[in-house]
Structure formats: C-alpha cells, structure tokens
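**Student:** Each chain, written out:
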Amino acid sequence: MTMQKTSFYAILLAIIVAAPFLFPDFTTQLATLWLFIIVAMTWDMTGGQMGYNSLGNIFFYGTGMYVAAVIAIGLVYDVGEYTGASGGGRYDFTNEQYIIGFILGTLGAGVFCALSAFVLGYVLFGLRGPYFAIGTLGTAIAAGELVSNWDWVGGGQGITLPVYGGDYDQTKLFIYFAFAVVGVILFIFLKWLYGTRFGAAINAIRDDEEKAEAMGLRTLRYKLWTWAMSAFFVGMVGGISAFQLISFEPLESAYQTINLGIFMVVCVLLGGKGTLWGPIIGAIMFQVFKEVTWNYFLGWQWVALGALIVITVVYFQDGLMGWLQQKKPEWFGIRIDQKEAASEAAK
Amino acid sequence: MDQILGNIDLLIQFPVVNLKIIIDGVMIGALFALAAYGLALVWGVMNVKNLAQGDFVIGGGYVSWWLANNVGLHPLLGVPVAFVVMWGIGWLTYKLVISRVIERDLFTSLLATFGLAIMYAQLMNLMFGSDTQSLVLDVSILGLQNNYYFADGLIDLPAAKVIGVVLAALLATGVILFMKRSRMGQAIRATAQDARAARVLGIDTEKVYAFTFSLNSAICGAAGAIIVMVWVIQPFYGITYSVRAFVIVTAAGLGNLPGVIAAGLGIGAAEQYGSHIFGIGYQQAIAVMLLLAVLVYRLLQQKRNRQVLQ
Numbered sequence: 012m013t014m015q016k017t018s019f020y021a022i023l024l025a026i027i028v029a030a031p032f033l034f035p036d037f038t039t040q041l042a043t044l045w046l047f048i049i050v051a052m053t054w055d056m057t058g059g060q061m062g063y064n065s066l067g068n069i070f071f072y073g074t075g076m077y078v079a080a081v082i083a084i085g086l087v088y089d090v091g092e093y094t095g096a097s098g099g100g101r102y103d104f105t106n107e108q109y110i111i112g113f114i115l116g117t118l119g120a121g122v123f124c125a126l127s128a129f130v131l132g133y134v135l136f137g138l139r140g141p142y143f144a145i146g147t148l149g150t151a152i153a154a155g156e157l158v159s160n161w162d163w164v165g166g167g168q169g170i171t172l173p174v175y176g177g178d179y180d181q182t183k184l185f186i187y188f189a190f191a192v193v194g195v196i197l198f199i200f201l202k203w204l205y206g207t208r209f210g211a212a213i214n215a216i217r218d219d220e221e222k223a224e225a226m227g228l229r230t231l232r233y234k235l236w237t238w239a240m241s242a243f244f245v246g247m248v249g250g251i252s253a254f255q256l257i258s259f260e261p262l263e264s265a266y267q268t269i270n271l272g273i274f275m276v277v278c279v280l281l282g283g284k285g286t287l288w289g290p291i292i293g294a295i296m297f298q299v300f301k302e303v304t305w306n307y308f309l310g311w312q313w314v315a316l317g318a319l320i321v322i323t324v325v326y327f328q329d330g331l332m333g334w335l336q337q338k339k340p341e342w343f344g345i346r347i348d349q350k351e352a353a354s355e356a357a358k
Numbered sequence: 442m443d444q445i446l447g448n449i450d451l452l453i454q455f456p457v458v459n460l461k462i463i464i465d466g467v468m469i470g471a472l473f474a475l476a477a478y479g480l481a482l483v484w485g486v487m488n489v490k491n492l493a494q495g496d497f498v499i500g501g502g503y504v505s506w507w508l509a510n511n512v513g514l515h516p517l518l519g520v521p522v523a524f525v526v527m528w529g530i531g532w533l534t535y536k537l538v539i540s541r542v543i544e545r546d547l548f549t550s551l552l553a554t555f556g557l558a559i560m561y562a563q564l565m566n567l568m569f570g571s572d573t574q575s576l577v578l579d580v581s582i583l584g585l586q587n588n589y590y591f592a593d594g595l596i597d598l599p600a601a602k603v604i605g606v607v608l609a610a611l612l613a614t615g616v617i618l619f620m621k622r623s624r625m626g627q628a629i630r631a632t633a634q635d636a637r638a639a640r641v642l643g644i645d646t647e648k649v650y651a652f653t654f655s656l657n658s659a660i661c662g663a664a665g666a667i668i669v670m671v672w673v674i675q676p677f678y679g680i681t682y683s684v685r686a687f688v689i690v691t692a693a694g695l696g697n698l699p700g701v702i703a704a705g706l707g708i709g710a711a712e713q714y715g716s717h718i719f720g721i722g723y724q725q726a727i728a729v730m731l732l733l734a735v736l737v738y739r740l741l742q743q744k745r746n747r748q749v750l751q
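Keeping their order, the protein sequence lines are chains S and U. The first sequence runs 12 to 358 under the numbering used here. The second sequence runs 442 to 751 under the numbering used here.
Quick caveat, the hints were computed from the structure, so don't treat them as lab data. Backbone N, C-alpha and C fix where the C-beta goes; we use that ideal spot for every residue, glycine too. What you were told as hints is all true, and nothing was included just to trick you.
According to the in silico footprint, chain S covers these stretches of chain U (three or more CB under 8 Å from chain S):
#1 540–549
#2 553–561
#3 724–730
#4 733–743
Using the sequences plus the hints, can you model the full thing?
**Tutor:** Put into structure tokens, the structure is as follows:
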C-alpha cells in the first residue's frame, strides 16, 4: 500500500515536471491550470473544511498582484513616478533585479495578504452563512473600485511591469515552475494540516460552531489562522500572476470578482467540497471545460460558464468526489452499517 | 484632498446645490427601492437571495428599448410591456432553477443566482451589444415642457425624471395594495410567516413561490423600463443594482416596507453626495462600502445583544 502510494506520487511529480516540456505550446495554459488548482484548494480550506463560504478570496489575489508589483518596482524605482509614466518612460530591469523583485514580491504579497486576512477576518468572521459571502464579496468589489481610483498604483490603467531580459520561452517555463512549486508545497502542507488537531478543529467549526465553542475551541482564532494561511497562498499566486500577465488593471484582471473569484468556488463544487483531491480534480475539469468553450463556442463561452455554474450548484453540489463517495464508499475506507446504508458518508 | 474640501465648500456656499443633489438622489433612490422591495419579497417569502436582481432590471430596460426602436412603441407604454415580459422570464427562471434551490442552504441560492446573473448579462450582451443605451422620453404631446428650471436655472428638473418617480410610486402603491387586499397577496404573506402552516391550511405554496418570483422579476422589469428613460442601461450594469438592493434590504430588514423605501431614498441621496464630494469614480465604491458599513453595524448591534445574554 505504501509502496503503491509512493510510486503514485513519484509518477505524479514526474508528470508535473515533464508536462511543459512535453507540451511546449501549452505552457501558459498549464500555468493557468496550476493557478486554478491553487486558488481552488485555498478556497476549500475555508469553504469546504471550515464551512465559511467566501466569495471574496479574489481580494487576496488582486492585492497580491499589486503588492508584488509595487515591491518589485519599488526596489529599483520610485513607484509613483513609474506608474505616472504608465509605461512611457524607459524603465528596465536587469535579470538580477527581476529575479530578486520576483522572489521578494511574491513572498511579500503572501505575507501582506495573510496580515490583511487577520484584519478583515476580525470584522467579517462575525457574519454567518450568506452574510459572510455577501460581506466578503462586497470587500472584494470595494477594494477593486478603490484601487482603480488610486493614482499612485496606476489608477484604472493598472501597472505594466518590466519584462524579463531573457528568452520568452524561458520566462514562460519559469512562471510555470513558480506556480507548480507553490502548488506542490500547498498540497503537502494541506495533506499534513488536515490530519492534525487543527484540521479536526476547523471541521468541528464547520459541523457546529456553537458546539465547538462550547467544547472550548477558540473558534475566532482558528478561523483567522485558516483564512490567513489560505490568503498567504492566494497572495503568492497573485504575485506570480502579476509577473505572468506583465500588464494588469484593477477591475478586469486583478480584482476579477466575477471571473476567477467565482470560478474558484465552481472548481471546488465540481470536484467535491471538503476533500483534499476534490478541488484539484474540479479545477482540471473546469479548466478543460473553459478551454473547450473558449475555443469552440466563442461569444457564447460566458453563457456556457454561467450555465455550468447553475447546473453544478443546483444538481451536482456534492461534486465528483461526493458522488464517488456515495457510489463507492469502500474506496474512501468507509464501512457502511447495514442499518444506515443510505446515510451520508462520514470520514 | 484639496478637491474634496473644495467640493464640500461649494456645498456650504451654495445651499441650493444641496437641494439639487437631494432631488437627484431621491429620484434614483425611488428606483433602487423598487428593486429592493422585490428582493425583500423573494428573500422573505422563499428565503432565496437573488443576485440576478439587477439583471432583471436591465432586462426590463432592454425590452422597452428594443420595442421602442424596432416597433416604435412609446417609452411610457414600454413600462407595462416590460412588466409582462419580465413576468414570463421570471416564471421560466423559477421553474428551471429557483424551484430547485428553495429548500437548500442559503449559499446555494446565492451561488445559483450569481451564475444566472452572469448568464443573463452575457445573453443581453450578445443580443443587444455592449454599448450604453437610453430612450428619449418626449412629453410635449402631453402638453408638458421637457425641462423645468428652478432657482435661476441652478436646478433643472427633467420631466422624464419626475414621470419616472411618479410611475415608480404608482407601481409601489399597486404592489402594496395587492399584497394587502388580494387573496394571492394574503397567501404570499401567510407563506412568508410559516410555509408549513400555510400548506396545512390549503395554500398551494408552490404556486405562491412561482407567483412571488415572477412578481419580483416583473417589478424589476418595470423599474428597468423607467430607468432606460431616465438614465442609461448597459448589459453589465446589473450587478450595481443587485448590490444596492442588497444594501437596502440588509439595512432595512425583511418585511419592513417603510424601512425599504426610506433606506432606498437615503442610499440614493448618500450616493449622490458621495460622488459629488469624492468624484464620480467613487460612486460604485460608495454603494459597496455602505453595504459593508451596514453589515458591520448590524454585527456590533448583535454583539451587544449577545453580551446581554451572557
């Protein structure tokens, strides 16, 4: 069994490393796939495991983008001057400056987003159920609108980052592996986290928050830490996305509330909430669906996506993993009591 | 900062500008209140939080706009037509999607209607293009001037806006009377109080739900047909009306009709003041910040109540 598992993960790792070399034309799409996997997994930390359905995790993505860009630029130039020229002046990075800016920028974005999750969470975690969703959605929309009025970071035009001096294909590979490293670290981290006391505690919050609190769990502290951890990773991939897109603006690419902000929820629902593999499988399914509709139903892709959201939410809310758990419970190590054969699967 | 202070200074030096802002705000607020009332109805009766609310508004606007441009229908007649057409669309939406999310948890309805909102906005974008559209309401045939001026021309009052507010008020009165007097209105209110008890007493709640959702969609459609005469519509403007409807309902509470109207008018005025002082770019941000402020305020209120319990 262990042997099997080890070889399974070894093969998986080999695929991850080999993928961009096997399909060099799809490096950008594969990088986007990683982005979806990571944001779906982080959404599931609060949405699936803790029962707090946030519609505003995109806030951390957008903020991560801006923080990373500001750090990378601010290390070399004056940010206000740089954005004031809006790509007009001569601003170049040497390769060394680019790499240092990239590393410090993405890490700084993660840390900043984790801190802002503490501050926001302190206020927002008092809201329950749909009010939490509306509150977080409002935060993300408001942040986008405010940033688009903030001239120091480029206002509605956004920021155009300097490009890497090296080969274009090399940059794409670099971005892919940056995403992949964050994704693999996140997976290992979550696999460990969900097995610990902490994982059990946030599951208890999902199942019955009042009872959990009565049992002596400091629920607010757990909620804040969970959101901060998920914000850290979202902020980091936001930072990487800033370097991938090179040029971005606040409403459509950074705080894209109705694109990525809702896609991550759909990915999780497609795959199955509250499971480790669900978000990953869901993200892959969603990305494939998205690419197919974008290529073959151009113009109608958004209608198809809206329909996908509605159908997923209304008919298949348990997702693929939930469906499998019901059909093949023995795969998940669940023994079914004869008396409660139809009852729900519990881990 | 100087600009903001300058704008405030202007308000103090010319008090009549305040009056203009308040009049504008009340007019906008009246239409927000209509959409919010529909939301409160659906929220209260069937516990569905409809994020596609704004898209029904824009949909009604496009119905009126399309008929005026292709059939030559008078914009004023577009209001009842939009009411009827959006009734049908609301009924279809109910049968296909909403009827399946009523009994589910609240996040389900929120997400499902979010999906619907994306779909509707895109369908309108494909059908009518992404340009902003509006209709010119020519009231000279009614023997009215198109523009009235007060206070040495500092305040202009377009007749279209006045008619829009009057229509909104008429519509609201009609809906309120209907809810109070008619048999169906009573059934709706009974279902809102206790759906199970209503079923026991022989009310077909399924029919009530379908009727309520269609009525909501129709009210929104009529509001949209008014909006297209007074301002502009665009396929993606829906979300702003949804957000404002949520602000109003969250602030006023469910089933509190005077509260919804007051909150609607207040938010209209607050937004106009905000965009005058901070600049037009902040208008959307102000609406959303108000929502957050209301949520936080309610939270603090509840915190106090919880402490009393302890």
